[in-house]
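Visitor: Sequence order for the protein chains is A and B.
In the numbering used here, each number is its position in the first sequence, counted from 1, plus 510.
In the numbering used here, each number is its position in the second sequence, counted from 1, plus 437.
Quick caveat, the hints were computed from the structure, so don't treat them as lab data.
Keep in mind that a hint or two might mislead.
[As the list claims (entries may be wrong)] Now the stretches of chain A that chain B is said to cover, found in silico as 3 or more residues with beta-carbon under 8 Å:
hint : segment
1    : 551-558
2    : 586-592
3    : 614-624
[To be verified] Just some of the chain A residues that point at chain B, by a computed CB distance under 10 Å:
hint : residue
4    : GLN516
5    : MET529
6    : THR530
7    : TYR545
8    : GLN547
9    : GLY568
10   : GLU569
[To be verified] Ranges between beta-carbon positions, derived for each pair:
hint : chain 1 : residue 1 : chain 2 : residue 2 : range
11   : A       : GLY573    : B       : ILE476    : 26 to 32 Å
12   : B       : SER465    : A       : GLY550    : 44 to 50 Å
13   : A       : THR530    : B       : LYS548    : 40 to 46 Å
14   : B       : THR502    : A       : PRO585    : 40 to 46 Å
15   : A       : ARG587    : B       : ILE511    : 39 to 45 Å
Small disclaimer: the values here were computed from a predicted structure and weren't measured.
Using N, Cα and C, we set each Cβ at its ideal position, and we do this for glycine too.
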Amino acid sequence: NAGVTQTPKFQVLKTGQSMTLQCAQDMNHEYMSWYRQDPGMGLRLIHYSVGAGITDQGEVPNGYNVSRSTTEDFPLRLLSAAPSQTSVYFCASSYSGGGRGEQFFGPGTRLTVL
Amino acid sequence: DAKTTQPPSMDCAEGRAANLPCNHSTISGNEYVYWYRQIHSQGPQYIIHGLKNNETNEMASLIITEDRKSSTLILPHATLRDTAVYYCIVRVYGGSQGNLIFGKGTKLSVKP
Numbered sequence: 511n512a513g514v515t516q517t518p519k520f521q522v523l524k525t526g527q528s529m530t531l532q533c534a535q536d537m538n539h540e541y542m543s544w545y546r547q548d549p550g551m552g553l554r555l556i557h558y559s560v561g562a563g564i565t566d567q568g569e570v571p572n573g574y575n576v577s578r579s580t581t582e583d584f585p586l587r588l589l590s591a592a593p594s595q596t597s598v599y600f601c602a603s604s605y606s607g608g609g610r611g612e613q614f615f616g617p618g619t620r621l622t623v624l
Numbered sequence: 438d439a440k441t442t443q444p445p446s447m448d449c450a451e452g453r454a455a456n457l458p459c460n461h462s463t464i465s466g467n468e469y470v471y472w473y474r475q476i477h478s479q480g481p482q483y484i485i486h487g488l489k490n491n492e493t494n495e496m497a498s499l500i501i502t503e504d505r506k507s508s509t510l511i512l513p514h515a516t517l518r519d520t521a522v523y524y525c526i527v528r529v530y531g532g533s534q535g536n537l538i539f540g541k542g543t544k545l546s547v548k549p
């Protein structure tokens with residue numbers, strides 16, 4: 511199993527540009543989520559999904575969109591990038607949203623918005 | 438906001454036990470205590486979780502006080518590779534959401 515994969519690893523954007531961060535998992539997990547981590551801080555939840563076709567907002571959803579058309583993929587879209595979105599983005603998945611067991615995290619995407 | 442309080446940093450000598458404390462005085466009866474760690478900006482890694490009994494796995498032991506208001510993560514023989522930020526998280530088990538709420542954690546430095 512590849513686990514949770516994220517692409518790209520690094521990205522530089524200009525203010526106002528849009529882009530999609532990709533996240534995929536091959537463990538048939540129902541629950542997937544996106545977090546951002548700013549320097550010296552813990553992770554903050556952006557959006558999450560408890561299954562294909564179902565998404566919901568987390569703590570800091572503004573400026574981001576998600577969709578979940580398949581169990582495997584959970585892309586995160588930045589609609590109009592802003593410097594405040596400079597951060598490291600982590601995707602995670604787990605067998606169920608019920609907290610049964612561990613969440614698996616991807617390696618992260620490091621995004622800089624100029 | 439995170440429901441837990443952890444010291445911002447700790448040091449430990451290599452080969453010694455590392456004891457990381459966590460206070461969660463407002464924990465509810467259906468909330469579990471989870472521990473994750475993050476090594477050098479990698480994705481967080483699950484370590485262990487428990488409700489009220491002490492738990493042990495191949496990575497660590499978790500000791501939860503009888504009143505469940507605090508807990509201690511124990512790395513029995515710390516190595517340099519255990520240098521990381523350790524997060525203590527309380528979360529509901531069995532609900533419809535698996536969201537983790539991270540605080541700032543404890544930065545553990547294991548020294549030779």
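Visitor: Under the constraints set out in the numbered hints, which ones does this structure not fulfil?
Guide: 2, 5, 6 and 12
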